[in-house]
Amino acid sequence: MQQVNKAYDPAPSRVKYKLHRLWLTPVYRALIRTGLPVLLIFVALMAWLRDPDVQQKIVTYFENAQNAMEERPEFMVQQMRIQGASEPVDKLVRDAMNITFPASSFRLDLPALKTTVEDIEAVETVSILVGAKGVLQVGIVERVPALLWRNDDGLTLLDAQGVVSGRVDARQDRGDLPLVAGLGVEQNIAEALEIFQKLAPIAGRVRGLMRKGERRWNVVLDRGQVLMLPEDQPIAALGRILALHRAQDILNRDILVVDIRDGRKPILRLSAPALDGFKKLRLTAAEEDN
Amino acid sequence: MSYLYDTQRAMRQKRQNALQRGLVAVLDLGTTKMACMVLQFDAREEGEVRLGAGAMTSHGSFRVIGVATTRSRGVKFGEITAMDETERAIRTVVQGAQKMANVRVDHVIACLAGAEPRSYGVAGEIDLENGTVTSSDIGRVLASCNMPDYGAGRETIHAMPVNFTLDHRSGLTDPRGQIGNRLSVDMHLLTVDTQAIENLLKCVKRCDMELAGVASAAYTSAISALVEDEQELGAACIDIGGGSTSISVFLKKHMIYGDNVRMGGDLVTSDISKGLQMSYPDAERIKTLHGGVIATSLDDREMIELGGNTGDFDHDRRRISRAELIGVMRPRLEEILEEARKRLDASGFDHLPSQRIVLTGGSSQVPGLEGLASKILGQNVRLGRPMRVQGLPQAATGPAFASTIGLAMHAAHPQDECWDFDLPIERMGGKPLKKAMRWFKDNW
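Note that the protein sequences, when read in sequence, are chains Y and W. If you count by the numbering used here, then the first sequence holds residues -14 to 275, one letter each, in order. If you count by the numbering used here, then the second sequence holds residues 5 to 448, one letter each, in order.
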């Protein structure tokens, strides 16, 4: 028996046909297949990110992640080992660096620490590195003080290059170092050291060196004796005085000043009693002669 | 003549533009089925050499990337009778082909079986100006053809110069550069009803596509069903379709005659349906499964279940012998072939050097038709299948697709290059500026 079927039309409707053609157009196809999903995801992402809570969460998350990474035990610095520094310098360095341990090696600014440490007067050079087992190794080369300089600010230590390498409160603190005084000492440290070397035979009597008028040296001995050295070739002049001392023991005599500023011949200034005595002697000698 | 020139060139230009984009659809509007193929033109072979004026246009090889067929609707005798129905069928078939090809096609070349094609042979003759045939001389001789009065409401869809004669030498395909005094041309015109073309144009436009060319099914099925030497030496192609039978005669690779008989396989089906009192679809099924034209004694014993859905047991359980079925089919097929014979006789087919007849089209698949045809049309009959085309699915290679495949080949290798030649100045009509431009182009 024949069935009554609804007529089936295989033809696509005009709208369907046009949509199909649109779909086959490469531009639309790309737009729908990639452009639209990308746009949707982008919009959704933006909507989500607009929430300040979310932003805060994201920031916190990444900070936590960074902290967790930095604070792994492998990267932590537990202690500091300072090598080559004396007790007081060690203390100074520790105070200057001011690190609370344990600290992450990511947060240590080694170049900045290096400059900080190098700013300390007593330190000549420093090398800082994070060594094995979380030890911050600080290698220090101290300045070796060569002289004690008395100036308006007090007593200052100078090394052989004339760089300030520390301060002392009293002369007795560094009795081993020779003392210099006066302005313009820093530039002539080498000369001063040479003079001190030359003065070795009478080292026990030397009180110090005094820079005069920023151009020449006075050697101050005990008993207020002064050796006035010339501007040029003070060493040779000093040698001459010392030769004189060796020959005639002049420095043990009652002489106030040995003035060799002209470089060739020393002029001796006697103390007042000595001068009186000398005059008396000369008078006596004259009387005897007469 | 100027009008013909303009329309032919416009058509050619349109097709070239469509091919330039590399994708074009061919649409065969048949009476029983519609077929659409999406062609992809890619490898353009530069050095391709072909006979005739073909080297000027080498739309290299093409590939079929989408095929769809559907039952035809709204088409009778190869003409559109119901626009809406036809549009729906076109939509179905185009969408199917696009879906398979996965591309969108905007240009379509269609072929029509019906629309009363009429053939005209026209001739033109000129004196050569400087003793050598130049391309403008070809334009001139084409323009000198006196047009037959084919009446109002007719449109030329094919106009091909078949033969050039230079002085006493005939049979030239490309006389350019040759020396002579008088050049004459024989041209074949095929005109169809303007209305049929306009209907087709409208249907295609309503499907959002542009009609880039129209061809006659008589021409296209011959292109694909005739082999090259048949086309060269002379042959007739009879495409027995569902609603109409297209007849074309080829000589020297050009169509010299095209006609259409408004009878086809549908008529055979309706004969069966009427004669054996059965529904049209059942008749179609029996025709295709058991049909034949030559009865043998075995056929008397082979009983065919007619089937049916009326509910009347006796009616639905009828059986006939195959000989009876053949008895119904044979007279109608004879009639079709005789009609074709008449048309061929009228065309002067008898005078061709070779009288090969090739049967193609869906209805040519009736077993034994070849033998019947040789009795009516002459001894030299063969069944033709369309040529193989790259990318074509197996299902679309049968003789029913001859005109579709021919249309694709026509799109790839059109034979109307001659219309590229410029029209001589004196025939161009009143366009002074254009004339001046031409004069400069020719003389500088």
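Any given hint could turn out to be false.
What the hints assert, rightly or not - Which residues of chain W face chain Y? A few of them, derived with a C-beta cut under 7 Å, are:
id : residue
1  : R92
2  : Q99
3  : V107
Rather than coming from a laboratory, the hints here were simulated on the basis of the structure. All C-beta atoms, glycine included, are put in the ideal place defined by N, C-alpha and C.
Going through the hints against the structure:
Because the smallest distance between the Cβ of W:R92 and any Cβ of chain Y comes to about 4 Å, under 7 Å, the interface hint for this residue holds. With 7 Å as the threshold, the beta carbon of W:Q99 comes within range of chain Y, its nearest partner Cβ sitting at about 5 Å, so the hint holds. Annotation: W:V107 was flagged as interfacial toward chain Y, and the flag holds, the nearest CB pair being 6 Å apart, inside 7 Å.
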